[in-house]
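Participant: Residue strings, one per chain:
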Amino acid sequence: MLTELWNDAEGGFHPASAPDFLPATALKQVQLRRLRAVVARAYKNVALFRSRMEERGLTPDAIHSLADIQRLPFTVKTDLRDTYPFGLFASPMSDVVRLHASSGTTGKPIVVAYTREDIEVWAEVMARTFAACGLHRGDILQNAFGYGLFTGGLGAHYGGEALGATVIPISGGNTDRQIMLIRDFGVSALCCTPSYFTHMIERARELGVDLHDLPLRVGIFGAEPWTDGMRRHIETEAGIKAYDIYGLSEIIGPGVASECSAQDGLHLFEDHFYPEIIDPETGEALPDGQEGELVLTTLSKKAMPMIRYRTRDITSLITEPCTCGRTLRRMRRIGRRSDDMFIIRGVNVFPSQVEAALLAVEGTLPHYQIILTRDQGLDRMAVEVEVTPEVFSDRIGALENVRTRLALAIEHILGIRVELRLVEPRSIARSEGKAKRVIDRRNDTA
Amino acid sequence: MKLQQLSLFLENRPGRLDAPLETIAAEGINILTLSLADTAQFGILRLIVREWDKAKRVLEQAGWVVNLTEVVAVDVLDRPGGLAAVLKILDGAGLNIEYMYAYSLRRGDKAILIFRFEDPDRAIQILLDQGLHVVDGDELMSFAAA
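Taken in sequence, the protein lines are chains A and B. The opening residue of the first sequence carries number 0 in numbering that gives the first Met the number 0; numbering runs sequentially from there. The opening residue of the second sequence carries number 0 in numbering that gives the first Met the number 0; numbering runs sequentially from there.
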């Protein structure tokens, strides 16, 4: 293996990263060849896709250039639910070596499948992810993504091993043990959700463990949107570099895109996942640089190809060359996911807007939760914010002042009145996976 | 001359006071005095304990946010007008009191006043100049033990 030959010379690139530097023309050739193959495969094996192509009078031969992708039908999340469990598979079960599934909080879970080749591609893109975040052979990687049906744990696991790192498959949870192993094993890199890591920072502080004194150098965070303010908080409090990675189970799991040393947008592994940005209202493709919904096509997936999958994630593509030298296009960090949005009194609200307001007042992001209730037909929004050592005071007046400033900052951004409640530290449930920011009780009582 | 006071944030709900008090009781830490300030939504528990550094550590380990503030204790005669006389002096010196609380000793004829000043050092100087008795930590402990 190439990784065997690698010596960790400063400033060099890990050989796993080689495909990240393909010249643009070569990349386009690879993309077109793979696109034609995957469309042909889905047309032949997936009834839903074939019928949608037929409705449009299309056959796989319609693909002559990458631009022709815009003629193809979209795939949406409900397609996965409607064909539950195996309706979108393009491989016989005898070729499928792994199934994963979403947690299925709303109705049936969605199921995703992998052939052996898919697993290898997944390991490759996750190895490229870790390499882009500055990891190499010799790194000790604590993988605190959940192992199991969730794609995060095993995706990062195989990628870490493919890179040549030493992987600790600790999974999520048991925070005291996480901190003990970080210290005792000399862990140099860790991956989990950003909200879980902020919980680890908090717990380490309570236990009297100073993360700055430990070899921990890099954090690789994904599976939920997080802000630059949260990144600064994590980097300062833990003394590490914090990188954002992106992926979704429907496409492969983690490993779709990753930040690099520049920490300025996420490189899409577009030799495997072809990105488009569309207007979410009209479905029309938008030019590079414009913000819209990210649509992804899996160029090499065998068991479950996704053609023009609508991610519901809002971002834009950056075409300017990156200082790291990678030729892969970048997308801006996902600040909001259409799925996270809620509507209150006719106003569209993203939790990230509330986060921005809290950050502006406190300087760091406190634990918070949004609670929606309905009182005599009127929707009400309350924001519970945990008191932090930074804002706590022995004087009532100072705390009332903090409460008022937080409420005003949120009201200023959203334009609606909120009830702001200061709550005790650790009274808001901590998540070991994706943080639950919004509790909607509006339909609990009719 | 200054005393270390611990403050804790509490939500204003029934039973919230129990948990922190049990936490320090379990460590055998004795509370010399406490006061509770509250609004409709939250409260602040202020504690003066024998081993404030140990109490702070165990409370923080249990997940509480603990604030450390320097306060000043003055003893006065436990009789009508005792407090008023001290307040008059402080007022005359233009000292700003953030808040205060008081307690009577179990024995003797003294009451202890605990003051949170904006500028505790200046306050102590003025109190001493006026011939008042500022109680330090050791003395407070001995009162409690008496």
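Keep in mind that the hints are not guaranteed to be accurate.
Example chain A residues on the side facing chain B (calculated, C-beta under 8 Å, incomplete) [stated by the list, open to error]:
(1) Glu116
(2) Asp209
(3) Ile317
(4) Glu319
(5) Cys321
(6) Val386
(7) Pro388
(8) Arg394
(9) Ile395
(10) Leu398
(11) His411
(12) Arg420
(13) Pro424
(14) Arg425
Read the hints as simulated data drawn from the structure, not as lab findings. All of these numbers come straight from a predicted model, not from anything done at the bench. The C-beta atom is built at its ideal place from N, Cα and C for all residues, glycine as well.
Participant: All the hints need checking, so say for each whether the structure fits it.
Facilitator: Against the structure, the hints:
no.: 1; hint: Glu116; verdict: violated (48 Å)
no.: 2; hint: Asp209; verdict: violated (14 Å)
no.: 3; hint: Ile317; verdict: violated (41 Å)
no.: 4; hint: Glu319; verdict: violated (44 Å)
no.: 5; hint: Cys321; verdict: violated (41 Å)
no.: 6; hint: Val386; verdict: holds (4 Å)
no.: 7; hint: Pro388; verdict: holds (5 Å)
no.: 8; hint: Arg394; verdict: holds (6 Å)
no.: 9; hint: Ile395; verdict: holds (5 Å)
no.: 10; hint: Leu398; verdict: holds (7 Å)
no.: 11; hint: His411; verdict: violated (21 Å)
no.: 12; hint: Arg420; verdict: holds (6 Å)
no.: 13; hint: Pro424; verdict: holds (5 Å)
no.: 14; hint: Arg425; verdict: holds (4 Å)
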